[in-house]
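Trainee: Take a look at the letters that make up each chain.
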Amino acid sequence: MESEQTTRPGKTPLSLSGRRALVIVPAYNEAEAIGRTVRDLRRHAPWADVLVVNDGSADDTGEVARAAGAKVVNLPVNLGIGGAVQTGYRYAYGNDYDLVFQFDGDGQHRARRLQELARPILAGEADMIVGSRFLRPRGMTARGSRWAGIKILAAAVSLVTGMRITDPTSGFRGGGRRVIQLFAQMYPQDYPEPESLVLAHKQGFCVREVPATMRRRRGGVSSISPLKGVHYMAKVLLAVLMEALKAPVRPEEEPT
Amino acid sequence: MMNWPQRIVLLALALGMLGLTLELIRRRRLREEYAVLWVCTGIMILVFVVMPNILFAVAGWLQLDRTVLMTFVCFLFLAAIVLHYSVVISKHSEREKHLAQELALLRDELEKLRAETREAPPAPAEPKPRPPALRT
Chain A
1 MESEQTTRPG KTPLSLSGRR ALVIVPAYNE AEAIGRTVRD LRRHAPWADV LVVNDGSADD
61 TGEVARAAGA KVVNLPVNLG IGGAVQTGYR YAYGNDYDLV FQFDGDGQHR ARRLQELARP
121 ILAGEADMIV GSRFLRPRGM TARGSRWAGI KILAAAVSLV TGMRITDPTS GFRGGGRRVI
181 QLFAQMYPQD YPEPESLVLA HKQGFCVREV PATMRRRRGG VSSISPLKGV HYMAKVLLAV
241 LMEALKAPVR PEEEPT
Chain B
1 MMNWPQRIVL LALALGMLGL TLELIRRRRL REEYAVLWVC TGIMILVFVV MPNILFAVAG
61 WLQLDRTVLM TFVCFLFLAA IVLHYSVVIS KHSEREKHLA QELALLRDEL EKLRAETREA
121 PPAPAEPKPR PPALRT
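Top line first, the protein sequences correspond to chains A and B. Quick note, the first sequence lines up with residues 1 to 256 if you use our numbering. Quick note, the second sequence lines up with residues 1 to 136 if you use our numbering.
Just so you know, these hints were derived from the structure itself, not from any lab. Note that CB positions come from ideal geometry on N, CA and C, so glycine has one too. Check each hint, because a few of them may be wrong.
[Unchecked claim] DEER-style ranges, computed between Cβ atoms:
#, chain 1, residue 1, chain 2, residue 2, range
1, A, K235, B, E94, 31 to 41 Å
2, A, K228, B, A79, 23 to 33 Å
3, A, N78, B, L20, 32 to 42 Å
4, B, F77, A, A155, 41 to 51 Å
Please take these sequences and the hints and turn them into a complete structure.
Mentor: This is how it looks when you write it as structure tokens:
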């Protein structure tokens, strides 16, 4: 029912000036939360199309998302978060979108805040925008060991890129045409959020953070359990450092 | 030095390995690009069996026991082969990912096209029967 309302022009506070925006929502067994997330996006960010990338879910994530008014792409096998998000970028590349946003399916991101990510990109001030939980001292912040882990990662990413990054694991982010083309061609697989920042930096992209508050998750479980935290940290740190050593991607190549 | 029975056994092993590799390629069970290192290994063993003095000279030059050097050379070859496999696996998982993504995006396109054609009659003539799938 909200899908009709969203196609009505003139009600958006954000001026896209003819450019098309897509929100990528990677979802794996998120049937519980995905419907609300999609309806949220349709209501609060009606200027953007919503693409749910169903990453080989065993439940009816795809059907729920489609019923809620999202475009749905169903992956035949589970590729993991990196592969699912890249599917969205490839969709955006193939369907000529100008702006792409990443948004978690579990409801921890706020659809209303998407325009704060969009504005700097539309104004040409940045190629990529990341919503950071740590730029403003309110809203949900991570606690204890997770906080420490994010701080260490932030320090590592800042060190190898020379950019000031406070929330490298944030999946609440957006990018323009150059970012779409790069990520359609090459996107990290295992720990994509911190690694992709390094990748974008290596291409000479301007990456900026804006403050963002996040909610607690509505359903499902975090992909990172506290027990696995240390193991995760070590692997992500290694991946980030390796990414910094890799050769840059040649952007003239078409994504294959 | 190596005595004749040793040489004959090793020669048979080296030839057997080369023969097996080539036979697998011939039967299309093994692709050439993955067999290169195996063929190299077989040839190296053959060279060492026919001319063991090369290996002994190297051992003398490095002041290593011959057995240690042999073990080390074996290890190097196996390590090279395993590393080669890791590279191949990485390449294949990247391809597999892209195939899955492409399949999902094509299925999406297909659904869009179907929805369009459903709205726009008449349907084209009966589609030709598909040729049988190629055996790979």
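Trainee: Each hint needs a verdict: does it hold in this structure or not?
Mentor: Now the hints, each set against the structure:
no. : hint                       : verdict
1   : A:K235 x B:E94: 31 to 41 Å : 19 Å, violated
2   : A:K228 x B:A79: 23 to 33 Å : 30 Å, holds
3   : A:N78 x B:L20: 32 to 42 Å  : 38 Å, holds
4   : B:F77 x A:A155: 41 to 51 Å : 42 Å, holds
In terms of the numbered hints stated before, the structure departs from hint 1 and from no other.
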